[in-house]
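Okay, here's what each chain looks like letter by letter:
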Amino acid sequence: MNQDRLRLDLASLADEVAPVDLRDRALRTSRRLGIQRVVATSAAALVLLGAATGTALAIRPNGQGPAPSPATTSSGPPVEVTPTPTPSKSPSKGTTPSKGTTPSKGTTPSNTGRPSGKQTLVLGPDGLGALKLGMSKKEAAATGLISDFQRFDASVWPGCPNRAEMKGGGGAVWLSTRLGVASIEPRAEVRTAEGIRVGSPRADVLRAYPTWRPVDGNGTPGEDGRGLVPVPGNPDAKFRIVIQNGKVSSVGLQFAQQDCYE
Amino acid sequence: MNPLLSEFDSFVRTRTPALLRSAYLLTGDQHLAEDLVQSALARTHRSWNRLHDSGNAEAYTRKTMYHLQVSWWRRRRVAESMPGDLPEPRGGDSTRDHAQQTTIRLTLRAALAKLSAKQRAVLVLRFFEDRTEVEAAEMLGVTAGTVKSQTSKALARLRRVAPELAELYVMEGTTR
Numbered sequence: 404m405n406q407d408r409l410r411l412d413l414a415s416l417a418d419e420v421a422p423v424d425l426r427d428r429a430l431r432t433s434r435r436l437g438i439q440r441v442v443a444t445s446a447a448a449l450v451l452l453g454a455a456t457g458t459a460l461a462i463r464p465n466g467q468g469p470a471p472s473p474a475t476t477s478s479g480p481p482v483e484v485t486p487t488p489t490p491s492k493s494p495s496k497g498t499t500p501s502k503g504t505t506p507s508k509g510t511t512p513s514n515t516g517r518p519s520g521k522q523t524l525v526l527g528p529d530g531l532g533a534l535k536l537g538m539s540k541k542e543a544a545a546t547g548l549i550s551d552f553q554r555f556d557a558s559v560w561p562g563c564p565n566r567a568e569m570k571g572g573g574g575a576v577w578l579s580t581r582l583g584v585a586s587i588e589p590r591a592e593v594r595t596a597e598g599i600r601v602g603s604p605r606a607d608v609l610r611a612y613p614t615w616r617p618v619d620g621n622g623t624p625g626e627d628g629r630g631l632v633p634v635p636g637n638p639d640a641k642f643r644i645v646i647q648n649g650k651v652s653s654v655g656l657q658f659a660q661q662d663c664y665e
Numbered sequence: 003m004n005p006l007l008s009e010f011d012s013f014v015r016t017r018t019p020a021l022l023r024s025a026y027l028l029t030g031d032q033h034l035a036e037d038l039v040q041s042a043l044a045r046t047h048r049s050w051n052r053l054h055d056s057g058n059a060e061a062y063t064r065k066t067m068y069h070l071q072v073s074w075w076r077r078r079r080v081a082e083s084m085p086g087d088l089p090e091p092r093g094g095d096s097t098r099d100h101a102q103q104t105t106i107r108l109t110l111r112a113a114l115a116k117l118s119a120k121q122r123a124v125l126v127l128r129f130f131e132d133r134t135e136v137e138a139a140e141m142l143g144v145t146a147g148t149v150k151s152q153t154s155k156a157l158a159r160l161r162r163v164a165p166e167l168a169e170l171y172v173m174e175g176t177t178r
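Protein sequence lines correspond, in order, to chains F and B.
Note that the numbering used here numbers the first sequence so that position 59 is 462, with each residue one more than the last.
Note that the numbering used here numbers the second sequence so that position 90 is 92, with each residue one more than the last.
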C-alpha cells in the first residue's frame with residue numbers, strides 16, 4: 404500500500420471535523436471528575452468499615468463466652484482464624500501463625516524506617532528526613548531542605564497556592580492552605596521504606612505494593628502511568644508512583660486526601 | 003491576571019483543533035471526537051499544576067486521549083459501522099477530482115471503522131501524526147514491537163476490508 408497516499412487521505416479525512424471550543428465543557432468535566440474522586444474515596448472508606456464490621460461479626464459466634472476484643476490481633480485462645488486480615492503485618496512468612504505473636508516485624512532486611520547511614524534517604528511513612536507532611540510553611544522552611552515557597556496561581560487548585568523546590572537533588576513540595584505540606588516529591592536519590600526508588604522495575608513495585616495500578620489507561624498493572632498506593636504505617640498518606648517504560652520515574656509521598664493536583 | 007487559568011485556556015484554544023483532527027480519525031464521528039477531546043482536556047486540567055511547568059501538557063493530553071479511546075472502545079465494544087449508502091468507488095481515473103476525493107474519504111472512513119481501536123490508533127499515530135514506532139509505542143504504553151505488528155495488521159486489514167482502496171493506492175503507487 405502506498406503510504407504517502409494513505410497519509411494524504413487521512414489528512415483529508417481529518418478535514419471533515421468541525422472545530423469547536425471545548426474549554427467550558429472540559430472544565431465542567433474536570434469538576435465532575437473531582438467530585439467523583441471524593442465520592443470514590445468515601446465509598447472505599449465505607450467498604451473498609453463494612454469489611455471490618457463483617458469480620459468482627461464473623462468471629463463473634465465462634466468465641467463462646469465473652470465479647471471478643473476486636474481491636475487486638477492476638478485474640479482469645481480458642482479462636483482458630485488463620486487468615487489475619489490486618490493489612491499492615493502481611494507479607495511473606497508463609498509459616499502457620501504462631502501463637503506467640505512476637506511483635507518483631509523481622510523479615511524485611513531492608514530497613515527500620517530510618518535513613519540507614521547511606522546516601523539514600525527514606526521517603527515515608529510521614530515525610531522525608533526532617534520534612535514531614537502536614538508541616539506549616541514555617542516549619543517546612545525551618546528544615547532547610549527546601550527553597551522558599553513560591554506563590555503558585557490558585558485558579559485551578561484554589562486550596563494549594565504554594566510550591567517549593569527541594570534543595571540538593573531537586574523535586575517539589577506542595578503546600579496546601581488547609582493541610583500544610585501536602586506532597587513531597589524529591590527528585591534526589593531516595594527510596595521508600597519498602598525499597599522502591601526511581602529506576603525500580605515494575606515487578607519490584609508490584610511486589611512491594613501489590614495494589615499499584617495506573618489510574619489512567621485501562622488500569623491493568625502491566626501498563627505505564629501513575630498509581631497511588633497505601634503507605635505502610637501511615638493511613639493518611641499515599642505514595643504516588645509513576646511508571647514509565649516499565650520503570651519508576653518518580654516517587655512522591657502525599658496526603659491521601661490533598662487538594663494540590665489531580 | 004490569572005496566569006494559570008489563562009495558560010490552560012490558551013492551551014485549550016490553540017491545541018483543540020489539532021486534537022480534534024486526531025480524535026476524529028480515531029472515532030470516525032464528530033460527537034465522539036468532541037467527547038474524547040473534552041475528556042482528555044478535563045484530565046489535563048486536573049493535572050495542570052503538575053503539567054504546566056513540565057512543558058509537555060500536550061503529550062499528556064494526547065496520551066490520555068489514546069488511552070481513553072482504547073479503553074472506551076473495549077468497554078462499549080460497539081461496532082461503529084458507518085451506516086448509509088457509501089457510493090461505489092470509481093477507479094480508473096488518473097486525476098483525483100473532487101468527487102473521487104470524496105469517495106475515497108468515505109471509503110477510508112468506513113474501512114477505518116472496521117479496525118480495532120488499537121489498530122486505528124497506530125495508523126493515526128504513524129501516518130497521520132507521523133510518529134516513529136518508538137514514539138507511537140511511548141504514546142500507547144506498549145512496546146515498539148507491538149506497534150510494528152499492529153501497524154502491519156492494520157494495513158493488512160485495510161486492504162482486506164477496502165480492496166478498492168488498496169488497489170487505488172497500489173496503482174497510484176506504481177505509476178509514480
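Bear in mind the hints are in silico, worked out from the structure with no lab data behind them.
These numbers come from a predicted model, not from an experiment.
Careful: at least some of the hints might be erroneous.
Stated by the list, open to error - Residues on chain F that point at chain B, a partial pick, calculated with CB under 8 Å: (1) Leu409; (2) Asp412; (3) Ser415; (4) Glu419; (5) Ala421; (6) Pro422; (7) Leu436; (8) Ile438; (9) Val442; (10) Ala443; (11) Thr523; (12) Leu524.
Unchecked claim - Taking lysine-lysine pairs in the BS3-like style, the calculated list, with each CA pair at most 30 Å apart, reads: (13) F:Lys541 x F:Lys570; (14) B:Lys150 x B:Lys120; (15) F:Lys650 x F:Lys535; (16) B:Lys120 x B:Lys155; (17) F:Lys541 x F:Lys650; (18) F:Lys650 x B:Lys155; (19) B:Lys116 x F:Lys650; (20) F:Lys535 x F:Lys570; (21) B:Lys120 x F:Lys650.
A virtual CB, placed ideally from N, CA and C, is assigned to each residue, including glycine.
Now for the hints, and whether the structure bears them out:
no., hint, result
1, Leu409, "5 Å, holds"
2, Asp412, "5 Å, holds"
3, Ser415, "6 Å, holds"
4, Glu419, "7 Å, holds"
5, Ala421, "6 Å, holds"
6, Pro422, "5 Å, holds"
7, Leu436, "6 Å, holds"
8, Ile438, "12 Å, violated"
9, Val442, "15 Å, violated"
10, Ala443, "14 Å, violated"
11, Thr523, "24 Å, violated"
12, Leu524, "22 Å, violated"
13, F:Lys541 x F:Lys570, "16 Å, holds"
14, B:Lys150 x B:Lys120, "12 Å, holds"
15, F:Lys650 x F:Lys535, "26 Å, holds"
16, B:Lys120 x B:Lys155, "10 Å, holds"
17, F:Lys541 x F:Lys650, "35 Å, violated"
18, F:Lys650 x B:Lys155, "29 Å, holds"
19, B:Lys116 x F:Lys650, "35 Å, violated"
20, F:Lys535 x F:Lys570, "15 Å, holds"
21, B:Lys120 x F:Lys650, "23 Å, holds"
The structure is inconsistent with the numbered hints 8, 9, 10, 11, 12, 17 and 19, although it conforms to all the rest.
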